[in-house]
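S.K.: Spelled out from the first residue to the last, the chains are:
There are 2 protein chains.
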Amino acid sequence: MTQCFHTVKELRDYLKPLKAQGKTVGLVPTMGALHQGHATLISNSAKENDITVVSVFVNPTQFGPNEDFDAYPRTLDADLEVVAKAGGDVVFAPSPKEMYPSADDTWVEVTGNITKVLCGKTRPIHFRGVTTVVSKLFNIVGPTRAYFGQKDAQQVEVLRRMVKDMFFDLELRIVPIVREDSGLARSSRNTYLSAEEKSAAVVLSKTLKSALEKFKSGCTNLNDIISFTKTEIAKEPLANIEYVECYGLPGLYELKEEITAPALLAVAVRFGTTRLIDNIILE
Amino acid sequence: MTQCFHTVKELRDYLKPLKAQGKTVGLVPTMGALHQGHATLISNSAKENDITVVSVFVNPTQFGPNEDFDAYPRTLDADLEVVAKAGGDVVFAPSPKEMYPSADDTWVEVTGNITKVLCGKTRPIHFRGVTTVVSKLFNIVGPTRAYFGQKDAQQVEVLRRMVKDMFFDLELRIVPIVREDSGLARSSRNTYLSAEEKSAAVVLSKTLKSALEKFKSGCTNLNDIISFTKTEIAKEPLANIEYVECYGLPGLYELKEEITAPALLAVAVRFGTTRLIDNIILE
Chain A
1 MTQCFHTVKE LRDYLKPLKA QGKTVGLVPT MGALHQGHAT LISNSAKEND ITVVSVFVNP
61 TQFGPNEDFD AYPRTLDADL EVVAKAGGDV VFAPSPKEMY PSADDTWVEV TGNITKVLCG
121 KTRPIHFRGV TTVVSKLFNI VGPTRAYFGQ KDAQQVEVLR RMVKDMFFDL ELRIVPIVRE
181 DSGLARSSRN TYLSAEEKSA AVVLSKTLKS ALEKFKSGCT NLNDIISFTK TEIAKEPLAN
241 IEYVECYGLP GLYELKEEIT APALLAVAVR FGTTRLIDNI ILE
Chain B
1 MTQCFHTVKE LRDYLKPLKA QGKTVGLVPT MGALHQGHAT LISNSAKEND ITVVSVFVNP
61 TQFGPNEDFD AYPRTLDADL EVVAKAGGDV VFAPSPKEMY PSADDTWVEV TGNITKVLCG
121 KTRPIHFRGV TTVVSKLFNI VGPTRAYFGQ KDAQQVEVLR RMVKDMFFDL ELRIVPIVRE
181 DSGLARSSRN TYLSAEEKSA AVVLSKTLKS ALEKFKSGCT NLNDIISFTK TEIAKEPLAN
241 IEYVECYGLP GLYELKEEIT APALLAVAVR FGTTRLIDNI ILE
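Residue numbers (the numbering used here), protein chains in the order written: chain A, 1 to 283; chain B, 1 to 283.
What the hints contain is simulated information worked out from the structure, not anything from laboratory work.
Identical chains blur together in the list; that is why a pair holds if it fits in one copy or across any two.
Derived lysine to aspartate or glutamate pairs resembling EDC-like cross-links, with alpha carbons at most 16 Å apart: (1) K19 to D169; (2) K206 to E180; (3) K9 to D169; (4) K214 to D224; (5) K116 to D104; (6) K164 to D104; (7) K9 to E171; (8) K116 to D105; (9) K23 to D50; (10) K23 to D13; (11) K164 to E98; (12) K164 to D105; (13) K206 to E232.
Turn these sequences into a full structure, and let the hints steer you where they fit.
M.R.: Have a look at this one:
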């Protein structure tokens with residue numbers, strides 16, 4: 001069974017002699033409820049590093065007051081098995097008090113458009129929570145490489161900016177979206193979906209794929225691509241669109257009339273009470 | 001002559017092989033215009049570490065719009081000599097563009113009372129600038145120990161909180177205030193003072209010393225100590241008090257009627273256009 005540490009001290013005591021020997025360390029930050037997407041991050045890390053640390057922490061500061069912090073699935077025993085099978089070495093599963101030791105918080109916040117568009121509009125404190133907890137994990141682990149999924153495309157861009165601005169001495173490794181056979185992007189929140197909703201949610205990946213084909217075949221007009229994506233998704237009666245947006249990469253810069261490759265086409269759509277995100281890179 | 005690097009890459013290339021050999025690194029973050037106070041920080045670091053890095057960077061983000069960023073003394077050649085004499089090994093003197101590579105900033109901010117009292121009242125963005133630049137320097141250098149002066153007592157408490165909350169893996173070393181023979185606390189801003197103002201400014205250290213004696217002799221009432229300090233300083237016609245405040249240590253917690261040791265008695269006072277700070281620990 002994978003070793004599991006709950007305190008910063010235990011984890012550091014474990015890592016210190018290994019680092020002194022010059023061993024490389026991969027970090028896979030997660031909120032647990034591990035699925036095949038996480039397993040891919042872990043196995044990539046295991047291939048590229050001597051030691052792989054998987055953090056399992058449902059980070060309270062990245063949830064808004066009306067979001068699903070309490071409902072978020074917590075499945076530590078199953079997670080330990082996923083980590084072991086994928087080749088991870090240790091799990092770090094701290095308590096909120098361990099990660100947030102003070103009554104008032106110290107925040108790490110990326111400012112500018114990059115945190116205001118897409119999910120930043122409806123989840124105004126989300127990315128501040130993400131950058132804060134990821135900074136803490138970087139400082140605790142001191143990884144050689146850190147692994148994140150392209151599924152959270154905006155998070156990836158925000159973290160790239162943070163690593164650059166704050167001079168974190170590590171390499172960000174971004175792993176492509178892992179999908180179910182149906183095309184549905186793997187997500188811990190998929191467990192919230194009814195069978196009917198889950199089948200309806202396939203419209204997201206299907207539409208994004210069609211949008212990419214449209215773009216590749218020469219349709220590079222921003223409004224056309226956005227309208228097409230909205231229209232296709234809206235054909236699914238259970239889909240309730242929060243946003244369909246497209247920004248330039250890297251950095252999520254604003255596009256004018258034409259889409260310049262590479263660009264991120266990203267969607268957030270509710271199925272019942274469950275909010276799903278998905279994206280594709282137009283290039 | 002001391003080596004001086006201007007880019008993060010140069011400094012890291014220099015430090016990397018030394019760290020691989022297990023050498024310890026002391027970091028002394030400064031804004032230059034080095035005086036005997038800085039020299040003491042540097043020589044302390046040189047005693048306790050294999051390598052001492054002194055950063056010289058007038059950090060724009062910790063100055064308010066009407067503060068002395070442009071006027072702040074910049075004396076790199078003289079600074080290099082001070083560093084060499086005090087036993088420092090290298091100077092890191094980056095440009096603002098090197099330290100702030102993005103158009104929008106990534107901030108590290110300690111929230112709560114600790115950054116709102118004392119200098120936080122009149123310098124609302126100051127500590128956010130300090131914690132941001134110090135975080136960057138910590139990530140760039142990866143020091144074993146970092147050295148700061150007790151002169152900036154609130155900065156010390158804010159940085160302690162940041163190091164704890166963000167899990168920086170280093171030791172903060174706080175060095176007592178270095179004073180001129182007159183008692184005046186050494187500060188780069190002392191160069192702004194006229195001869196008359198400089199002589200008047202001695203009232204600060206003299207009064208703080210008397211307040212400590214009063215406290216030690218049994219006067220532990222908060223209002224009495226504050227009034228005494230204000231009254232004594234106000235006897236100096238050139239002194240223009242910004243604040244005289246007293247908070248519990250560690251963490252600058254609010255005191256009620258009685259002062260519990262250890263507590264920080266801190267003052268900010270203008271002499272002409274020059275704002276000086278000084279403090280003493282009541283214990």
